[in-house]
Amino acid sequence: MSEITSLTLYELIKNIKEKKISSNEAAKSFVDRAEKSKKINVYVTENFENCLKLSKKFDDKPNFDLKLPGIPIAVKDLFCTNEVRTTAGSNILNNFVPTYESTVTQNIWNEGGILLGKLNCDEFAMGSSNETSFFGNVQNPIAEDLVPGGSSGGSSAALAANLTPVTIGTDTGGSIRQPASFTGTVGLKPTYGSCSRYGIVAFASSLDQAGPMSKNVKDSSILLEVISSFDKKDSTSIDFKRNNYSSELTRNIKGLKIGIPKEYRVDGMPDEIEKLWKKGIEYAKDCGAEIIDISLPHTSYALPTYYIVAPAEASSNLARYDGVKYGLRSSGKNLIDMYEKTRSEGFGEEVKRRVMIGTYVLSSGYYDAYYLKAQKVRQLIKQDFDQAYNKVDAILTPSTPSSAFKIGEKSNDPVSMYLNDIFTVPVNLAGLPGISIPAGVDKNNYPLGLQIIGKPFDEQTVLNIAYSMEEKINYKNNITDWWMK
Amino acid sequence: MVVCDNIFYHMTIDLKTVKHISKLARISLDEKKAEKLATDMNSIFEFIEKLNELNTDNIEPLTSIAETTLRFRDDKITSENIREKILKNSPEKNDDFFVVPKVVE
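Each protein sequence line maps, in turn, to chains A and B.
Under the working numbering, the first residue of the first sequence is numbered 1143, with each subsequent residue one higher.
Under the working numbering, the first residue of the second sequence is numbered -15, with each subsequent residue one higher.
Check the hints yourself; a few may be wrong.
Simulated pairs of lysine-lysine, DSSO-like, Cα-Cα distance not exceeding 30 Å [said to hold, decoys possible]: (1) Lys1618(A) with Lys1161(A); (2) Lys34(B) with Lys1518(A); (3) Lys17(B) with Lys1483(A); (4) Lys16(B) with Lys1548(A); (5) Lys69(B) with Lys1483(A).
From chain A, some residues computed to sit far from chain B (all C-beta separations above 10 Å) [said to hold, decoys possible]: (6) Thr1150; (7) Leu1208; (8) Asn1386; (9) Asp1479; (10) Arg1495; (11) Asn1586.
Anything over 12 Å on all C-beta distances counts as not near chain B; from chain A, calculated [to be verified]: (12) Lys1156; (13) Glu1188; (14) Phe1190; (15) Glu1225; (16) Lys1483; (17) Ile1499; (18) Lys1533; (19) Lys1618; (20) Asn1619; (21) Asn1620.
Quick caveat, the hints were computed from the structure, so don't treat them as lab data.
All C-beta atoms in this analysis are idealised placements derived from N, C-alpha and C, irrespective of residue type, glycine included.
Pulled out of the complex, with its shape left as it was, chain A reads as follows (with noise of 0.2 Å):
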């Protein structure tokens, strides 16, 4: 048998119902594996103690009937965590120790799961590196001084490293997806009100989802089928019928109408990402699918509109960072001073200028021209796609305009780090599904992701086609394990 922590969720699963490994081996190999991969700074806490222990209290009394029964897994740090410090990447809740816990995490525990610890990602959320993180930048398994991508960086290179058998991220413009697609990973975002977002640190509260990351296609449907739930803590939680994803898996998508936005052939777009964009769409008709031409006219307006919401989304839910109730407090000689000191040393540079762009957007005499206009245009993106979707089940796009870049190499360019987002930025504004699956390397051998879209709540319809693509691109991460030499 290969090593317990190269072996997918569902092969573990199944190994440790059978009692080939138990819950505490699987624990002690991930954890043992963590403490030599140090180098690649994935884990803000770890949990390693309580994880062994709860482990072993499983074995001792076990039950086979849960979904994830004893399996051990490492979670964005945005996710609160009853009792395990939470710090969402940010100097600002360096200390803060939440005393409950988020909904989809629970969820998680609740079907057998053990917490190994909180990994790192942008703070707040917000970057598509990890090098906005306090905790330091996290670097991408496949090669040295690669970015994991971001913001949930900390969850991709973890499951690109093997040091979890399945993780969670949150998806607020591509956060999950543009890192599945740096890792040659799995990444699915969930129609916007599938899973809840109760005590889920907030960036942009109309954009934000957390969604399952993992090694192949089959163990997204396991985990999304665990954290998808209606949630009266959750006021945008949506009750509709889920799925049971996992059960419900097919390779049959014979007959689907697949959709290929011509917007998408953007500028400046590497041709190895336009032949693999081919490649995709030679596998989805290989799988059945017939393939059909559409217009996303709007897609060029997405990101300039995600630039105006998402800051001012995020001024407003960052407020509550006062050094009054929780986290971080510097001195100041009077109220005001306590605030704009605390705030000034406990946001990181990106945060302050997004705080700051979300200020000025929503500031006295500018709302109607740019809040109020992007919300309009956002309109006509969402019209784009329900359009499209007359005509499709599910649309077909690169997941990113490139492969991971170097650590560094596009850090003093806000705007030029924004533009990886340009693929995903839709989906979200648009409250879409959408998954990114490993489809094949640069001249680098770097990994690149393919998107697929899909109608709201149609999260099923998305993992087939993936499930389908996935068999036919075969794709296999070559990682050598060089941080360990």
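Given chain A, put chain B in place with the hints provided.
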């Protein structure tokens, strides 16, 4: 300064505006950081101004993607005796209160 033609305008965000916004956002900035932010914000807004190409006169703004009306709930207390939990993470407390710098002279 506002430079206008038919559709495009690009407003320069000057240092004074940056400092005003930083006051509104309650983030103290030194001169050097304010200058850097002014540069960054101008390049970001240059990029954002693209939206002015679009006529959106009769478009309904999209405020929420979840097309549901907010649910009502019974006005009942669901969590009690959580004072300790609420105070647990406070940077400074005094018995049952959060402590802040003196506000009233």
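Enumerated hints in conflict with the structure, sorted upward: Hint check: 9, 10, 15, 16 and 17 fail, others pass.
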